[in-house]
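**Student:** Sequence:
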Amino acid sequence: MRIGVVFPQTEFGTDPIAIRDYAQAAESLGYRHILAYDHVVGANPDRPLFEPFVLFSFMAAVTQDIELTTGIIILPQRQTVLVAKQAATLDVLCGGRLRLGVGIGWNWVEYEALDQEFSNRGRRVE
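Take the sequence shown: its letter number 89 is residue 1527 in my numbering, and every next letter is one higher.
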């Protein structure tokens, strides 16, 4: 069995030292992965929600073996070729530790804020 941890993005704050310490502690305790969520817009403007590829680039630089897992990248809200390039680049730079999960999302408010159609989001992932 492979057990990982979820990075508590909205509760954690913006201190890079604390983020580094969390990632290193998870790795030293033997967890196999750190999972981070994706919301382009976010739900609460008073709480940070880091962009997963940037967050994982930072975590990859301060860890050695722990896998970095997206739970999930909301693909219809992003340009798919760019996501593929970002994911491939990160995976190379972190030594193959990226585990990319994609999905369609659930929050119609985010789609509205991004001027994207909510009803056809599934077709845009195909």
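Where hints are given, some of them may not hold.
[Stated by the list, open to error] Listed next, the in silico EDC-like pairs over lysine to aspartate or glutamate satisfying Cα-Cα at most 20 Å (straight line): (1) K1523 <-> E1550; (2) K1523 <-> E1564; (3) K1523 <-> E1505.
[Claimed, not checked] So the derived label-pair ranges between C-beta atoms look like this: (4) V1479 <-> D1453: 18 to 26 Å; (5) N1558 <-> I1510: 14 to 22 Å; (6) E1564 <-> V1500: 14 to 22 Å; (7) E1555 <-> R1470: 34 to 42 Å.
Calculated directly from the structure, the hints in this document are not laboratory data. On a predicted model such as this, the values are computed, not experimentally measured, just so you know. For every residue, glycine included, the Cβ atom is placed at its ideal position computed from N, Cα and C.
**Student:** All hints are to be evaluated individually against the structure, with a verdict given for each.
**Tutor:** Outcome of the hint check:
1. K1523 <-> E1550: With a Cα-Cα distance of about 26 Å, the restraint between K1523 and E1550 is violated, given a limit of 20 Å.
2. K1523 <-> E1564: holds (17 Å)
3. K1523 <-> E1505: Holds, because 19 Å separates the two Cα atoms, which is no more than 20 Å.
4. V1479 <-> D1453: 18 to 26 Å: Holds, since V1479 and D1453 (Cβ atoms, about 23 Å apart) stay within the stated range.
5. N1558 <-> I1510: 14 to 22 Å: Taking Cβ atoms as reference, N1558 and I1510 lie about 18 Å apart, which means the hint holds.
6. E1564 <-> V1500: 14 to 22 Å: Violated: the Cβ-Cβ distance is about 36 Å, outside 14 to 22 Å.
7. E1555 <-> R1470: 34 to 42 Å: holds (37 Å)
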